[in-house]
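Visitor: Residue-level listing of the chains:
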Amino acid sequence: MSGEARMSYEIRHVGGTAVVSFRGDVDLEHSPTAREVLLSSVRSGRDLAVDLSAVEYIDSSGIASLVEAFQEARKRGARFSLVAVSPAALRVFELARLDHVFTLHDSLEEALADG
Amino acid sequence: MSGDRARGVGGDGLSGPLELIAELSRAFASSGDLEATIQRAVERITEYVGAQGGALFLVEEDEHGGEGSLVCHASTGPVKITGLRLGPRQGIVGRCCETETLQHVRDVADDPSWEPAVDAETGFTTRSILCAPLIVQDERLGAIELVNKLSGDGLFAAEDARLLEALAASAALSLHNARITERLVEREALEREVRVAAEIQRSMLPMDRPVPFPLAATNVPARGVSGDFYDWLELPDGRIVFCVGDVSGKGIEAAILMAKTASLFRCIARDVAEPGPILGRLNAEILETVTRGMFVTMAAGLLDPGPGTVRLAAAGHPPALVRDADATWHEIPSGAPPLGIGPFRQPGGPPEVDLSLRGGSLYLFTDGVTESPGPREGMLGIDGLRRAIDERMGLPAHARLEALAASLRAGPHRDDRTLLVVDGSPEPARPDLVPLLSLRFAARPERLGEMREALADACRGAGCAEGCTRDVVLAVDEACQNVIRHAYRGQEGEIDLEMSRDGDRLVIYLRDFAPPVDPAVIRPRDLGDVRPGGLGTHFIQALMDEEELRPADSGPGNLLRMTKRIQGGGA
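If you're matching them up, the sequences are chains A and B in order.
Quick note: the first sequence, position 55, residue 55 per the numbering used here, numbers continuous.
Quick note: the second sequence, position 409, residue 409 per the numbering used here, numbers continuous.
Extracted from the complex, chain B is given alone in its bound form (with noise of 0.2 Å):
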């Protein structure tokens, strides 16, 4: 069958070869075993041609970058030569690979660069060999070579070199290809370990608190995995220990030292409360096990949150910021090298700095805040973060943390940044909100009656009107469409509704989980315009006292945030 096929290669034209380049192509294309792949395309075209044997040489660089060595990666005949290795230049396989030239050799007997010593150790008899190069623009990949045509007086004819060369053209291309896929496949699975590691590592951080909680922190790796750290840790007496850490260097090095000085931090800080000392026993730890070389900045604190009081120490840390409450600002630096340099000159550790927050807060960071562009020119700085802090003091501690966070550009070195507060007024407690409903329902139109009656008897059992109560269904019945019609645009979804009493308003959160919506698209409509449409959020403004649209803190999804003061009966 594939004797007539190559037994008409001179006749009918090109459809049988060019089925074959096809078939080679897809089998390139969607292999995943490349060798295999190899083999195969080598067994065919020896076929295909018509020859007794047949062998794909591919170039190997040494292990010094130098020039490659051809190993024969596949082969097919009596004899097999897989993994055989050739010098850069050595026989007619090297001649072909080196001049970049199909190499059509009748007799080898007559041919210089024939080395004999294959053929002694096998008991094979070469007698034609053709051989073709796998070049792909200026790549030399190596070359594929065809022994002793079976037809015939067992000599190579000039057709057979011409297809021999298409045949090679095409192969050496799709091999090109294949690597280069192979290559991306291995990369996404490299990526694929180094999400899983930035999974671990942000497991690795505390969890927020419930405020009060009188620390908060932030950390934004500049790629998938952080040299950053931070913790708190409570201890049973009510004082709490915290740190901020940086490694030196990046990626997986710096995030492995990272996940040990952090575990490291979290069994000493049991026994040793003080930070001095804590920062003692790490150093002496890194150093013994440390890769030379690498090192890690830290600060570390102690806070008595009855008092307000904090004793703090430092290793090669950029300098901790106080912000005392009448808005003065102090620094405090390291008052030791970094961890993992050498032993400390105090026994005890780095040397321990008492202060007293009295209202105001202590600011902990790693330079990639300091260094990240700052609002004009230049890198933000000390005095850039300073006014930073400064321009946000109206917003809790918590807060005041994210919305830095979220101004903070990457830097051209892209360092991860952290930051970490401590503040020395807890928010002031708050009247509790009295919660009223807390409902979940489909985002769909018939579930909004429900909604309703449910929704207007908590607003009468909370002391509204009928007419109070009648425009906070209709708003909050509007801002329910607006979701069906906008968030999640005809998709199934689920709608939170949380309605709270806070003093003498109503309180009214309404949270979806669909993607992000341009408050553009529900604007209010113009009055003037009789046309039906926009005039829900209209009606939102013109009944709720308050009404903010933002994304949720957690998740998908967006947020409403309305409130009404109650007006209750003869109001």
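The following block holds chain A by itself, in its conformation from the complex (with noise of 0.2 Å):
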């Protein structure tokens, strides 16, 4: 294996919204990673937009840390959405149906614009 990590990601604020993009495998060995970071985002006040549009892989472990970053927004009140799913992790979303639980949107700008 390459020295690279297989999951990097990147944290911009828009407006009130932080928007957390991920690229590559969101697998067990990076889901505490991500989880780390959606969670901080959460807990900083601010609405989450989260792209997945260079998800190559997710499982359910980082399917788990979604849920959790999730919960924890909607007990504070925070909008918290899903942008641009790549077809590789909207297959996974499908099998565990949550695509109807969280809420979609197909670019940031859609995202950004809603509510």
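In short, the hints are calculated from the structure, not lab data.
Careful: at least some of the hints might be erroneous.
What the simulated footprint calls covered on chain A by chain B, stretch by stretch (three residues with Cβ under 8 Å from a Cβ of chain B suffice, anywhere in the stretch; the number is not a length) [said to hold, decoys possible]:
#1 24 to 36
#2 85 to 93
#3 102 to 112
Cβ coordinates follow ideal geometry from the N, Cα and C atoms, glycine included.
Combine the two chains into a complex, taking the hints into account.
Guide: Here it is as structure tokens:
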């Protein structure tokens, strides 16, 4: 394996919304990082938009991290949306029957405009 | 130093004797050499009470289990009497044991029990004796005797008597415990030897052959070692000689005769392929050397796998069972008494029977099988065995036998259970599995990325479209996570991943080496429940066509088998 991590992430602030973008594999190795990033963004008091357009792989542990952040946001009354979910990730959301639990947006603009 | 302590007995209370009692208890508890500890105890007690000499006698049962004589196991002082043997009631020691009371003799000259012979022989002059019994519960272990007080008038005082009594009670308890420990250690050593013997026996049984092989057998010893055995031998012309035997009796004696008979069978079968003459030769050999009263029941056969014919002979063995292809059963009784009883009437050995299996199967078993408890009341019996076989005909011969053996419970006699099957219909040739991938990797999250890449490549190579590849990768990845989280639970370990193609299906085996996993732990979650966890198993079930988790066939570990129909491009 190359020394390069299979997952990277980026956080931007657009108005009152934290936009977290993941890239690569949100798997058992990297979901603890994803979980930390998501929860600390929610706890900063902002709305959260999670960009999954560059996610090539996500497993049940990655899904669990998203569910936990989603629940934390709801508890705080913050908005939580998923943006541009890649086909690979969408398949997994459908399997988990979570595609109707989360708010899904095709683009970041749509997510920021909504609400 | 010790003299000071001895003089302190009457004055400063019990701390002195308590220390000595503690010291002796420790010595007995930690000693690997009981005699040396007894010697040390006598020396310490003699020194502590301040006597000129001391001795410890133990009751030893005589050979006939009669009243025990008293044997001196340890002594100290000017004259050593270790090894001295007294009659059951002889001397003051004898009286002490007999009455189970402390004997305090101020002057031996006035005591009718006194035996002057020892003094006469050794030149020692005994004046005063203190003798305390060693008793635990109802068991008389012996007595400890002190001779001549060193200080003062040379006579023992009442305090000395009380002190010796206390020390003797403690020594008796320690000695009793040490003896129990010693017996346990001996038993463990014996058990270890039995384990080694069982290991050697197992190594004498033939190895399972890769299927298709027309024979399979299983042996469940009732104790560590077995009196049952089976064997088979492939002859250069392709025919197979086989046997099942049961040595009368149990335990080591039976095991040794089993080893001998099994070795003889192997030797003789190489020269004489025919089962009747094999049993005849075996009988002659066993009759020459065997311990009287022991015998062997045995069935032997010669299989010609081509036409599926069997020639069978048996000596005092339970009947052979034949199940025809149309599910009718036949019994073939033994034609001669067991081996080791006397010369056979027929010079060529027991009569032979020729069978044609024609798609049926032949079962040989030992009486431990039919005498094991049946599903309801009583013993399984031959009818019960037939039914148990009928119920498992869906399984290939080897698996059928394993399932049968697993279903048999140990009977009240706890006899060995041995079963052998000769299958007249070797499994039909299967379309060959095409191996696609074989990986072994550490069960750690950071190794899963590489695994997924290799697996995805293999799926694409097998013709899977991208969606199908993604599904297989997710399911296998989730299964690996279950292994990491639920089987190894954070411990180091390895995972074996094997994938092959069987026609239009992918067959995936995932094996770990962890303790067995309770499937309830990884059952799928309720999807209405929006909560992390339990999702992985749901994914596996949703994505794969079949999945089955069971303990691995060999060694520790779990085996997950999954299949998935290959969905190609455009599908």
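Visitor: When I compare C-beta atoms, does the segment 24 to 36 of chain A have three or more residues closer than 8 Å to chain B?
Guide: It holds, with 4 qualifying residues against the three required.
Visitor: Would you say the segment 85 to 93 of chain A counts as covered by chain B, given the rule of at least 3 residues with C-beta under 8 Å?
Guide: holds (count 3)
Visitor: Using a Cβ cutoff of 8 Å, are there at least 3 residues of the segment 102 to 112 of chain A near chain B, or does the coverage claim fail?
Guide: violated (count 0)
Checked against the numbered hints listed earlier, the structure breaks hint 3 alone; every other hint is satisfied.
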